[in-house]
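Model the placement of chain B on the given structure of chain A, informed by the hints.
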Amino acid sequence: MAHKLKIASTSLAGCFGCHMSLLDCDEKIIELLQQVELSRSPLCDIKQVADCDIGIIEGAVANSENVEVIRQFRAQCKTLVVLGACALNGGIPALRNQYSLAECLQESYIDGMGLENQLIPQDEDLPEILDQVYPVQQLVKVDYALPGCPPRADMIWQCLSALVAGQQPELSSELIRYD
Amino acid sequence: MASFSIDQQPIEFEPGQTILQAAMAAGVYIPHLCFHPQFSAHGSCRVCMVRIDGRTASACTAPAAAGLEVENLSDDLQALRRDILQMLFVEGNHLCPSCEQSGACHLQSVAEFCELLMADLPFQYPRRMVDASHPDWVLDFTRCIHCELCVKASREVDGKSVFSLTGRGFDTRLVINAPDGLLVNSEFASTDRAASVCPVGVFLPKHQGFKTPIGQRKYDRHSIEQITEE
Numbered sequence: 000m001a002h003k004l005k006i007a008s009t010s011l012a013g014c015f016g017c018h019m020s021l022l023d024c025d026e027k028i029i030e031l032l033q034q035v036e037l038s039r040s041p042l043c044d045i046k047q048v049a050d051c052d053i054g055i056i057e058g059a060v061a062n063s064e065n066v067e068v069i070r071q072f073r074a075q076c077k078t079l080v081v082l083g084a085c086a087l088n089g090g091i092p093a094l095r096n097q098y099s100l101a102e103c104l105q106e107s108y109i110d111g112m113g114l115e116n117q118l119i120p121q122d123e124d125l126p127e128i129l130d131q132v133y134p135v136q137q138l139v140k141v142d143y144a145l146p147g148c149p150p151r152a153d154m155i156w157q158c159l160s161a162l163v164a165g166q167q168p169e170l171s172s173e174l175i176r177y178d
Numbered sequence: 000m001a002s003f004s005i006d007q008q009p010i011e012f013e014p015g016q017t018i019l020q021a022a023m024a025a026g027v028y029i030p031h032l033c034f035h036p037q038f039s040a041h042g043s044c045r046v047c048m049v050r051i052d053g054r055t056a057s058a059c060t061a062p063a064a065a066g067l068e069v070e071n072l073s074d075d076l077q078a079l080r081r082d083i084l085q086m087l088f089v090e091g092n093h094l095c096p097s098c099e100q101s102g103a104c105h106l107q108s109v110a111e112f113c114e115l116l117m118a119d120l121p122f123q124y125p126r127r128m129v130d131a132s133h134p135d136w137v138l139d140f141t142r143c144i145h146c147e148l149c150v151k152a153s154r155e156v157d158g159k160s161v162f163s164l165t166g167r168g169f170d171t172r173l174v175i176n177a178p179d180g181l182l183v184n185s186e187f188a189s190t191d192r193a194a195s196v197c198p199v200g201v202f203l204p205k206h207q208g209f210k211t212p213i214g215q216r217k218y219d220r221h222s223i224e225q226i227t228e229e
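Protein chains in written order, with numbering that gives the first Met the number 0: chain A, 0 to 178; chain B, 0 to 229.
For reference, chain B alone in the conformation it holds in the complex:
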């Protein structure tokens, strides 16, 4: 089987796999955020940036090829990842102690893994309407990182088209396909894959606030590099 290396460790790969897919199959952790193994790569968050033969590229979109030398957890790449994560943290309301997703949040866990201690860019504290129209779900759009996972899950798995991104750049927003834009009047159902795929705390089930005690949450039990996406 053909192989390449990540931080000098040999990684075997199947033809057609990306560097991130091959790394995951080999149990080697490359920090990533907008990628989910169930869906096609988005390549937008740049957290999975690695250096391939001297050039930086996102591991979720770069095809694996024999003999590549890939740098993953070097100090300067981790510093770049911290810069990216910092931008995500200041653009949304990621106030972990107030968020029910804390402890099960992919963004939080990746940032902890990358040892982001402090964001020193100006915090935006965006004000956006919370959608609490649905009897069982509440959506807090101020935490959305625009990874499109719920958009893809709704289209590709649920066979609906409940979510979409609108606007460009800093004005990008997650919107709901309903006559009045409210979740309750969309085709959304609680069992939708779109509801469970969010890597941050946009989708929160009602009636069970802070149900899992601290110490037993997803990333309390295992660190992020030991967990495969659910």
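Chain A on its own, in the form it takes in the complex:
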């Protein structure tokens, strides 16, 4: 049996919409899964990323755990594919970049409406929240970027099926949309 490619995926500060769009490839996903093996991914239950052929990242970088995860992905994945508006420009999470982190925490945990026992969470087990939200490509090198909110399933398919076949992905220009 031919060697199966290993794919890992993760969702950082995002809504899992890009993963839903990946699943939107419908029955083609079965074709894909016959040719690949999943490593760490929300689609299975593996917690640590192993050496992989393709890493897929959705979501923006908003806390210290996100930074650790994308560095692991970059170190362990030969090819890094980044999905969606949040990962590529901060997207909805980056709306908080209009305010300082202190202002965000103050509003969310102290001053916001209907709050009781106001306290800003702080614990060594919690990841630290970054000063602002960053796009993935500002922290690690990205090989392929698929924009969209979410990227169209057909575009994800075009990219992944080409990579699995060992080819350079060519994206149809009409599938390139930013929302």
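Derived from the structure by calculation, the hints contain no laboratory data.
All C-beta atoms, glycine included, are put in the ideal place defined by N, C-alpha and C.
Among the hints, erroneous ones may be present.
Unchecked claim - Each pair of labels, with its calculated beta carbon distance range:
{"hint": "1", "chain 1": "A", "residue 1": "Leu104", "chain 2": "B", "residue 2": "Glu68", "range": "54 to 64 Å"}
{"hint": "2", "chain 1": "B", "residue 1": "Asp119", "chain 2": "A", "residue 2": "Leu104", "range": "56 to 66 Å"}
{"hint": "3", "chain 1": "B", "residue 1": "Asn184", "chain 2": "A", "residue 2": "Asp124", "range": "45 to 55 Å"}
Claimed, not checked - Partial selection, computed: residues in chain B whose CB lies under 10 Å from chain A:
{"hint": "4", "residue": "Ala56"}
{"hint": "5", "residue": "Thr60"}
{"hint": "6", "residue": "Met86"}
{"hint": "7", "residue": "Val89"}
{"hint": "8", "residue": "Asn92"}
{"hint": "9", "residue": "Leu116"}
{"hint": "10", "residue": "Phe122"}
Only chain B this time, still in chain A's reference frame:
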């Protein structure tokens, strides 16, 4: 009628037309952003850069002339356009899924046409005051690309002088002509041409957020090269 060529296709032109005007009249799309057919060319965004007999120039300001050989959609010019668009994207808050103009935004649509997949310059995430003083309009200055279309529309069509650019280079800002700088205290009216000409999402009407459903917005229905500016 005299003609020149764009990507080897012959284009007829009237004396006095620019390359962009002649191309638009012939139905040939040259990506552009700060140009609007109703107003004089600004020549500032450089998205309409073409190569004319080997030299790059903005198509919105370069006069058409017989026999010119103009290169428009070649790979290297599209790559230059992506570089320019990338700079515009990182200088403002162009977070499309959060913007009501998405789907009807000229900047977004041009960048999609030019196949900009990712901006890899550092994002600035500018913080600027939103002007929500007017009962019917809100202005988000963090999206302004300083094309001056609202400035010209206010002066040339509306017969007012509500908007102006101030500052230079990176510090250029759109300002409002009112004693306190607020839209509500300016001469602005909802029917002004200045309100409808913005190619990005600075001018947003209140009380109708995300009114047009996805799939029916301006650039959902037609791609940008099929649309003439409204």
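Discussion item. Please list, smallest to largest, the hint numbers that this structure does not respect.
Written reply: Failing hints, ascending: 2, 4, 5, 6.
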